Amino acid sequence: MKLQMHSIHFDADRKLIDFIQKKADKLDTYYDRIIDGEVFMRIDKNERNENKIVEIKLNVPGKQFFAKHQDDSFEAAADEAIEGLRRQIKKYKEKVVLVKQ
Numbered sequence: 000m001k002l003q004m005h006s007i008h009f010d011a012d013r014k015l016i017d018f019i020q021k022k023a024d025k026l027d028t029y030y031d032r033i034i035d036g037e038v039f040m041r042i043d044k045n046e047r048n049e050n051k052i053v054e055i056k057l058n059v060p061g062k063q064f065f066a067k068h069q070d071d072s073f074e075a076a077a078d079e080a081i082e083g084l085r086r087q088i089k090k091y092k093e094k095v096v097l098v099k100q
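Taking numbering that gives the first Met the number 0, the leading residue of the sequence shown gets 0, the next gets one more, and so forth.
Incorrect hints may appear among the rest.
Pairs of lysine-lysine residues, derived as DSSO-like cross-links and limited to a Cα-Cα distance of at most 27 Å, are as follows [said to hold, decoys possible]:
#1 44 <-> 25
#2 99 <-> 51
#3 25 <-> 89
#4 56 <-> 67
#5 90 <-> 56
#6 99 <-> 89
#7 22 <-> 1
#8 90 <-> 67
#9 25 <-> 51
Derived Cβ-Cβ restraints for the label pairs, each shown as a range [as the list claims (entries may be wrong)]:
#10 83 <-> 4: 13 to 21 Å
#11 48 <-> 12: 13 to 21 Å
#12 97 <-> 46: 41 to 49 Å
#13 95 <-> 12: 33 to 41 Å
#14 65 <-> 31: 18 to 26 Å
#15 43 <-> 99: 37 to 45 Å
#16 14 <-> 93: 29 to 37 Å
#17 60 <-> 86: 28 to 36 Å
Please keep in mind that the hints were generated in silico from the structure rather than gathered at the bench.
Values in this document were obtained by computation on a predicted structure and should not be read as measured data.
Beta carbons are placed, not taken as given, at the ideal position from N, Cα and C, and that holds for glycine.
Hey, can you work out the whole structure from these sequences and the hints?
Below is the structure:
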């Protein structure tokens with residue numbers, strides 16, 4: 000799956016980008032018609048430790064999935080956002096299968 004990575008107001012290192020890409024590629028096992036997606040990474044300007052935000056948009060034919068999570072590291076935030084997308088995709092796929100029957 001092709002993902003566009005956007006790091007807002009900082010430069011994401013290759014290791015982080017590869018980590019997110021590898022995790023997101025696993026979503027293909029749940030639904031193989033994912034076209035592409037976008038990942039936005041930003042640092043929230045607040046006093047808390049949990050200031051890393053990851054937003055992910057995925058495009059499938061006729062629908063778009065979105066998940067956002069905030070945590071103390073980009074890896075943890077990406078994990079949670081991808082888990083949210085996994086749940087959305089599974090639910091959507093169940094609906095599509097029911098409609099086709």
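(message) Assuming the hint says 13 to 21 Å, is it satisfied by the Cβ distance from residue 83 to residue 4 or not?
(response) Between residue 83 and residue 4, where Cβ atoms are some 18 Å apart, the hint holds.
(request) Given the hint that residue 22 pairs with residue 1, test it: the Cα-Cα distance must not exceed 27 Å. (result) holds (13 Å)
(request) Mind checking the alpha carbons of residue 99 and residue 51 for me, to see if they're no more than 27 Å apart? (result) Distance ~40 Å between residue 99 and residue 51 Cα, so the pair is violated.
(request) Kindly confirm whether 33 to 41 Å is satisfied by the beta carbon distance between residue 95 and residue 12. (result) holds (37 Å)
(request) Could you grab the alpha-carbon distance between residue 44 and residue 25 and see if it respects the 27 Å cut-off? (result) violated (31 Å)
(request) For the pair supplied as a hint, residue 90 and residue 67, confirm whether the alpha-carbon distance does not exceed 27 Å. (result) holds (18 Å)
(request) Verify the proposed pairing of residue 90 with residue 56, using a straight-line Cα cut of 27 Å. (result) holds (16 Å)
(message) Is 29 to 37 Å respected by the C-beta to C-beta distance linking residue 14 and residue 93?
(response) 35 Å Cβ-Cβ, so the 29 to 37 Å window holds.
(message) If I claimed the Cβ atoms of residue 97 and residue 46 lie 41 to 49 Å apart, would that claim hold in this structure?
(response) Between residue 97 and residue 46, where Cβ atoms are some 47 Å apart, the hint holds.
(message) A range of 13 to 21 Å was offered for this pair. Does it hold for the Cβ distance of residue 48 and residue 12?
(response) holds (20 Å)
(message) 18 to 26 Å was suggested as the range; check whether the CB atoms of residue 65 and residue 31 agree with it.
(response) Distance hint for residue 65, residue 31 holds at roughly 20 Å.
(request) Would you mind confirming whether the straight-line C-alpha gap from residue 25 to residue 89 stays at or under 27 Å? (result) With a Cα-Cα distance of about 13 Å, the restraint between residue 25 and residue 89 holds, given a limit of 27 Å.
In summary, the structure is inconsistent with hints 1, 2 and 17 from the numbered list given earlier, while agreeing with the others.
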